[in-house]
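S.K.: Working from the sequences, and respecting the hints, build out all of it.
Letter by letter, the chains look like this.
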Amino acid sequence: MKARNITERIMNLIFTFCGMIAIAAVIGISGYMIVSGLPAIREIGLKEFLLGQVWKSTASEPRFGILPFILSSIVATFGAILIGVPIGLMTSVFLSKIARPKLAASVRPAVELLAGIPSVVYGLVGMIVLAPAVMKAFGIKSGATLFTAMIVLAVMILPSIVSVSENALNAVPKKYEEASLALGATKIETIFKVSIPAAKSGISAGVVLGIGRAIGEAMAVMMVAGNVANMPKLFGSVRLLTTAIASEMSYAGGLQKQALFSIGLVLFIFIMIINLTLNTLLKGGYSDEQ
Amino acid sequence: MNNKSAAQPLNSRIAAGRRLNELVLRALVYLAALIVTLLLIGLIGYIFYRGLPNLTWELLSTQRSVLAGRIGILPNLLFTLYTILTALVIALPVGIGSAIFLNEYARSGKLVRFIEFSTETLTGIPSIIYGLVGMLFFSQRLGLRSSVLAGSLTLVIMILPSITRTTQESLKTTPQAYRDGAAALGAPKWYAIRTIVLPCTVDGIVSGAILAVGRIVGESAALLFTAGAGYVLVTNYIKALSVSGGTLSVMLYVYTMEHGEFGVGFAIAAILMLLALVINFAAKAARKKLKRVG
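Protein chains in written order, with our numbering: chain A, 1 to 290; chain B, 1001 to 1294.
Be aware that one or more of the hints could be misleading.
[To be verified] Computed beta-carbon distance windows for the label pairs:
hint, chain 1, residue 1, chain 2, residue 2, range
1, A, Leu234, B, His1259, 28 to 38 angstroms
2, B, Trp1057, A, Lys193, 58 to 68 angstroms
3, A, Leu234, B, Gln1176, 39 to 49 angstroms
4, B, Glu1258, A, Leu234, 43 to 53 angstroms
5, A, Leu234, B, Ile1035, 35 to 45 angstroms
[Claimed, not checked] With a straight-line Cα cutoff of 20 angstroms, these simulated PhoX-like cross-link-like pairs (lysine-lysine) come out:
hint, chain 1, residue 1, chain 2, residue 2
6, A, Lys200, A, Lys187
7, A, Lys233, A, Lys141
8, B, Lys1172, B, Lys1288
9, B, Lys1288, A, Lys102
10, A, Lys283, A, Lys56
11, B, Lys1189, A, Lys2
12, A, Lys174, A, Lys187
13, A, Lys283, B, Lys1110
14, A, Lys233, A, Lys136
15, B, Lys1284, A, Lys102
16, B, Lys1110, B, Lys1172
17, A, Lys193, A, Lys174
[Said to hold, decoys possible] Okay, the calculated bits of chain B under chain A, using three or more residues with CB under 8 angstroms as the criterion:
hint, stretch
18, 1030-1039
19, 1071-1077
20, 1169-1176
21, 1214-1224
It is worth saying that the hints were derived from the structure and are not from the lab.
Please read these numbers as outputs of a predicted model, since none were measured by experiment.
Don't be surprised by glycine CBs; every beta carbon is placed ideally from N, CA and C.
M.R.: Next up, the structure:
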């Protein structure tokens, strides 16, 4: 009996420890990002770092301005949302409201599978198929552009937008739609004027999740965006926050390496803001359900 | 859907403009679903079309040799297996333990909410950040350098949230009566969890593990700076932990971007695609079984 008591105590401790690991990981990651990201910002100067338009990390007189990366990341994400959200939302409407259960059950796996494809595979297909197509279609010298990155990111964020929006649409109380139909609205009118507005907090959560995915994606973008530190131009080669880190990390040293960690810190702050927004949106949910 | 018959007579009376609007929107909805489906079919078809012809026995069964001008991915297949094994062996007990704590032990709602918030935060952090911190902490601070172990430990933190969540979900569906019954018979908490509650959650744990395998196989950004892109054959698992080893996804990137070997890239992409299909179906099968139990 006593031995059993001790086992119980030990297991209690072990489980508490396991539970705390998530907290420790978040604190540890935040700590590392801040501690390793601040020195370079202090040395370069916050204004020069964030608003400088020139990134020449390997020049004899190096310049570390990351405005091009910040803007490219924002523009690429915005473009991906612009392309991905309409398609994703419409697909979720199809799955949740229009398609018969059997048809929906055969389209839904396609969406799930898209989510399971590794980002390097998207990058490879983007590089071999999409980039040449973009090059030909717009008559430019290289297809590795911001525009190409937008399309690849749009495809990559589709699954999260579709699944979160579908859940939100499914959660809309049936009586809202029934009331609308009873008032003489057609099915489509009901979906677009009643169901979607009622599900808007869930749908925005899907969009925010997509923003987080797009802004954090590194490898796929690396393979299709050309990777030159330009200010964002739709048909120009660009470097994003993520790819700026990934492309120089393997050989960087000294201040250059520290500056890469500072870029990581900026990205981390972006992500944290997005996470907090997402959390509030998801908590918001259905206050008026009754 | 059962309102269709009631709505039908109205349809004939609605104005032409409204009907056009309706038609356009309906067409757009179908178009979007068609785009998504064709996109997937196109992707799978193209990757297999370009990849399968390059997927030779030589590629699968040898290692890279610069002298012979040959590329083989056998070492990387093994490194992928080692990475999966190492990450799961650590992440499964911790993730399950964390779920048990949240669902069975924790008494303070505030603490539970804080842990759940942390778990959600971990889910949202992009892999490149994990790569940076993994490099700083596991590779440099703990002195593991660029190694399979450092990469696997980084992945542990990344897959922990999904294992915790799936386990927690199936713990929640385990009837409270089981626990009450065990307690009434005098079973201490851990004894009841071990013998009654956990066996009911096996399917949730399995589907969580399968999803985690998918994430590990597809990961590249977090591994590039923690496990590197080693391609030397190491058959001894323990020895492999301490050397740099590139998983398939990492090698896809390295071979296409640094060596311009698109054939090899597509061959690896075909393997990854096959794995994605298998993992997707396996996870679904596990979830279906889970539903039957709950």
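S.K.: Next step is simple, just say for each hint if it's right about the structure.
M.R.: Results of checking the hints against the structure:
For Leu234(A) and His1259(B), the hinted distance range of 28 to 38 angstroms is satisfied, since their beta carbons lie about 30 angstroms from each other. A C-beta distance of roughly 59 angstroms is found between Trp1057(B) and Lys193(A), which places it inside the suggested range of 58 to 68 angstroms. The given range of 39 to 49 angstroms is broken by Leu234(A) and Gln1176(B), whose C-beta atoms sit roughly 57 angstroms from each other. The beta-carbon spacing between Glu1258(B) and Leu234(A), approximately 28 angstroms, falls outside the hinted interval of 43 to 53 angstroms.
For Leu234(A) paired with Ile1035(B), a C-beta distance near 22 angstroms fails the hint of 35 to 45 angstroms. Proximity of Lys200(A) to Lys187(A) is assessed by CA-CA distance (about 18 angstroms); at most 20 angstroms being required, the pair is judged to hold. Between Lys233(A) and Lys141(A), the direct Cα distance comes to roughly 14 angstroms. Compliance with the 20 angstroms bound is thereby established for this hinted pair. Between the alpha carbons of Lys1172(B) and Lys1288(B) the distance comes to roughly 16 angstroms, so the proposed pair stays at or under 20 angstroms and holds.
Proposed proximity of Lys1288(B) and Lys102(A) is supported: the alpha carbons are some 17 angstroms apart, at most 20 angstroms. For a cut-off of 20 angstroms, the pair hint linking Lys283(A) to Lys56(A) is broken: about 44 angstroms separates their Cα positions. Restraint check: the Cα-Cα separation between Lys1189(B) and Lys2(A) comes to about 14 angstroms, which is no more than 20 angstroms; the hinted pair holds. For the suggested pair Lys174(A) and Lys187(A), the alpha carbons sit about 13 angstroms apart, so the restraint of at most 20 angstroms is met.
Only pairs whose Cα atoms come within 20 angstroms are accepted, and Lys283(A) paired with Lys1110(B) is accepted, the gap being roughly 15 angstroms. This hinted pair checks out: Lys233(A) and Lys136(A) have alpha carbons roughly 18 angstroms apart, not beyond 20 angstroms. Restraint check: the Cα-Cα separation between Lys1284(B) and Lys102(A) comes to about 17 angstroms, which is no more than 20 angstroms; the hinted pair holds. Distance restraint check for Lys1110(B) and Lys1172(B): the Cα-Cα separation of roughly 19 angstroms lies within the 20 angstroms cut-off, and the hinted pair is therefore satisfied.
Using a Cα cut-off of 20 angstroms, the hinted pair Lys193(A) and Lys174(A) holds, with the two alpha carbons roughly 14 angstroms apart. Residues of the stretch 1030-1039 of chain B with a Cβ under 8 angstroms from some Cβ of chain A number 8, which satisfies the need for three, so the listed coverage holds. For the stretch 1071-1077 of chain B, the assignment as covered by chain A is violated, since 0 residues bring a beta-carbon within under 8 angstroms of that chain's beta-carbons and 3 are needed. Only when three residues or more bring their CB closer than 8 angstroms to a CB of chain A does the claim for the stretch 1169-1176 of chain B stand; here the count is 0, and the claim is violated.
Taking a C-beta to C-beta cut-off of 8 angstroms, the stretch 1214-1224 of chain B contributes 7 residues in contact with chain A, enough for the three needed, and the coverage statement holds.
In summary, the numbered hints that this structure violates are 3, 4, 5, 10, 19 and 20.
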